[in-house]
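Trainee: Protein sequences, first through last, are from chains Z and H.
Heads up: the first sequence runs through residues 0 to 379, numbered per numbering that gives the first Met the number 0.
Heads up: the second sequence runs through residues 0 to 379, numbered per numbering that gives the first Met the number 0.
Keep in mind that the hints were calculated from the coordinates and are not lab data.
Among the hints, a few may not be true.
Straight-line alpha carbon distances no greater than 30 Å define the calculated DSSO-like cross-link-like pairs of lysine-lysine that follow [to be verified]:
(1) Z:279 - Z:158
(2) Z:57 - Z:217
(3) Z:275 - Z:298
(4) Z:235 - H:341
(5) Z:217 - H:235
(6) Z:104 - H:105
(7) Z:235 - H:343
(8) Z:134 - Z:167
(9) H:217 - Z:104
(10) Z:289 - Z:343
(11) Z:242 - Z:279
(12) H:139 - H:339
(13) H:105 - Z:137
(14) Z:86 - H:235
(15) Z:137 - Z:242
(16) H:217 - Z:235
(17) Z:86 - H:343
Protein chains: 2
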Amino acid sequence: MSKSNSLRPGKHLLQIPGPTNIPDRVLRAMSYPTIDHRGPDFAEITKRVLDRIKSIFKTTQPVIMFPASGTGAWEAAIVNTLNPKDKILMFETGQFSFLWAEQAKKLSLEVDFVPGDWRHGADPKIVEQKLSQDKSHKIKAVLVLHNETATGVVSNISKIRKAMDSAKHPALLLVDTISSLASIDYRHDEWKVDVTVGGSQKGLLLPPGLSFNAISQKALDAHSRSTMQKAYWDWKPMLENNKNGFFPYTPATNLVFGLDEALNMLMEEGLENVFKRHTKLAEAARIAVKAWGLEILAKNPEEYSNTITAVLLPEGHDADNLRKIILDDYNMSLGMGLNKIKGKVFRIGHLGDFNELMLLGALAGVEMNGADVEDIVLLL
Amino acid sequence: MSKSNSLRPGKHLLQIPGPTNIPDRVLRAMSYPTIDHRGPDFAEITKRVLDRIKSIFKTTQPVIMFPASGTGAWEAAIVNTLNPKDKILMFETGQFSFLWAEQAKKLSLEVDFVPGDWRHGADPKIVEQKLSQDKSHKIKAVLVLHNETATGVVSNISKIRKAMDSAKHPALLLVDTISSLASIDYRHDEWKVDVTVGGSQKGLLLPPGLSFNAISQKALDAHSRSTMQKAYWDWKPMLENNKNGFFPYTPATNLVFGLDEALNMLMEEGLENVFKRHTKLAEAARIAVKAWGLEILAKNPEEYSNTITAVLLPEGHDADNLRKIILDDYNMSLGMGLNKIKGKVFRIGHLGDFNELMLLGALAGVEMNGADVEDIVLLL
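Please model the entire structure based on the sequences and the hints provided.
Mentor: In structure tokens:
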């Protein structure tokens, strides 16, 4: 099948922050013929997948999956736990925090959106301060992105949890892990997260189209009191049907086949080894960026992302032009700068099914970008 | 990859009313490596797919697709065109009409649900009567399933349109074509349908995970006045992004690859030939059911479905037991009776990538069911 008018020989390097390079084993599993989603074989796969994925979130509590993008699982986290016009606390860490906040507003919520410079994570001190001041408990939830996909900045969820506990505030904690799950250490139960939002297309090694909510008991209690309008995203029929391996509506069968195989792969490698691999490759990427004399967008080394490195270009250079040249000449996709940082940064995704020589190829592609164009400085 | 503990040699016959047997060409297309959903190649595919799919709906107006099941596209049709607590008119044609009505109630709508016996389609006379009586135009939309997947009964959308026109009533017409699209003739523009809901996993030859709204200008006007809460399902950012081949959130890339190939196949065969093939195979299935001395659930031959035949078993026979035997002994899945007709009917899906010898195999599987069990009559 022709994907494009422009044939580019050799394997494409998909170094955006997701979707990621899909393992052949997963692509093959997805091309297994579709089966009856109400039959015994599919029920068995569903139960196996929903049981095994818990370990990826480090939880013993329910995880559910939607046939939807991550944006859908964001919406599910909100409409299942909150009430119309509730106040929530969010942090401007980058484009995806902005989009989640915009979604919350569309869903009638009042968002206290703490401004940020797109170079830092959510600040636990501000969480503690805001919640301590909120004596009447008007803030119903704190929404944070574990890893801001737009900037490559990690927020410290453990510290945010401690800040919430110090403030003795009952707000729910909702965390997006779309670009960190199965790549950067994350602990749903230990950090007492109420809803963790996940997506299929990054560390989970799948194409987009599945998304997840890991759910705490406190979130389930909130659900029972929530009056927000919901149908497709409603947890209740999902949890009831999942018990027997079924769904309230047709699941994305072939992505579930792929997930079954992706879980096999993650478990064969071992989740802690997956984290170590991402740490090592991310450190190598950052060393290269520094060797190029360029600046990493993330200001604080403790907040460096092990899945994504956003690289600032010097004034006067257009990152989108750089990305276009690299795509056209070297068959590699890099992530673009979004919104406030459009054209100013490019992002290297170093996550998922990824290894040393893929990274070195990716870094070489960036280095070679300037070899045959005038307006880009040869960086080495 | 092992799908089950029970190995069943030979090819599985997936004769449920959907998901359907997926063509190998589509399975292979879906296993093409995932690419950048914001890059130029994917934009080209998106534009090509969204342009070509219009002919499947017989429309020149916009068609949008969601990374979601058909149930999601139902929700989108409602929340984009209606207002909270609006009154709508629906017909109890079977389980899926019931589920759509339940969803509408969850979304705050008042449903005038005309009772039915699950053996007939929506009655155009009642549409005309109800709308004529509604002088103050309280009814804002008529929601009908073109093909009721639970019963194999087709509602005549052309006649329903005429009834609405005769009543000179401004209600919107929302039609579900999940189990008829690309299988039974359907005309979004000619029948002045305002929103047509489609799904990927039936006549469109794909696994589940994509769903569609084909949209009229009247529906777009209603959207601009609609105050229903919406975020994920909102048409506006979808239509804006689609213009350039993009989406407001991550699309289900590999299902879109599959859709591109499925459209190639449907166009190679020719849509009118696809309809003729479904008509012929459905007629053959019905002749067999009658030869068995069994009753087709659909009462009115003019409402017979060319995609699904639901077969009534004689009193005292359990259709689910029959289905289990056929699955275990002959490696074929049939559709179950849902809700009110559970255990009383089985459903033969004869749609999608399907031909004469597959049908004859399916019919033989039903005939052979009784050969080695006591409680099932050998039907021939």
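Trainee: Checking one constraint from the list: CA of residue 242 of chain Z to CA of residue 279 of chain Z, max 30 Å. Satisfied?
Mentor: This hinted pair is violated, its Cα atoms lying about 39 Å apart.
Trainee: Mind checking the alpha carbons of residue 105 of chain H and residue 137 of chain Z for me, to see if they're no more than 30 Å apart?
Mentor: Since the Cα atoms of residue 105 of chain H and residue 137 of chain Z sit roughly 27 Å apart, the hinted pair holds (cutoff 30 Å).
Trainee: Take a quick look at whether residue 279 of chain Z and residue 158 of chain Z sit within 30 Å of each other, Cα to Cα.
Mentor: Holds, because 24 Å separates the two Cα atoms, which is no more than 30 Å.
Trainee: For the pair supplied as a hint, residue 104 of chain Z and residue 105 of chain H, confirm whether the alpha-carbon distance does not exceed 30 Å.
Mentor: Within the cut-off at roughly 21 Å; holds.
Trainee: Run the distance test for residue 57 of chain Z versus residue 217 of chain Z: straight-line Cα separation, threshold 30 Å.
Mentor: holds (17 Å)
Trainee: CA of residue 86 of chain Z to CA of residue 343 of chain H, is that 30 Å or under?
Mentor: Roughly 51 Å separates the two Cα atoms, so the pair is violated.
Trainee: Taking only the CA atoms, is the gap from residue 217 of chain Z to residue 235 of chain H under or equal to 30 Å?
Mentor: violated (35 Å)
Trainee: Please work out if residue 134 of chain Z and residue 167 of chain Z have their alpha carbons no farther apart than 30 Å.
Mentor: holds (10 Å)
Trainee: Checking one constraint from the list: CA of residue 137 of chain Z to CA of residue 242 of chain Z, max 30 Å. Satisfied?
Mentor: violated (35 Å)
Trainee: Against the 30 Å threshold, does the CA-CA distance of residue 139 of chain H and residue 339 of chain H hold or violate the hint?
Mentor: Since the Cα atoms of residue 139 of chain H and residue 339 of chain H sit roughly 29 Å apart, the hinted pair holds (cutoff 30 Å).
Trainee: Residue 289 of chain Z and residue 343 of chain Z: Cα distance at most 30 Å?
Mentor: Holds, because 17 Å separates the two Cα atoms, which is no more than 30 Å.
Trainee: Verify the proposed pairing of residue 235 of chain Z with residue 343 of chain H, using a straight-line Cα cut of 30 Å.
Mentor: holds (28 Å)
Violated hints, listed in ascending order, are 5, 11, 15, 16 and 17; each of the other numbered hints is respected by the structure.
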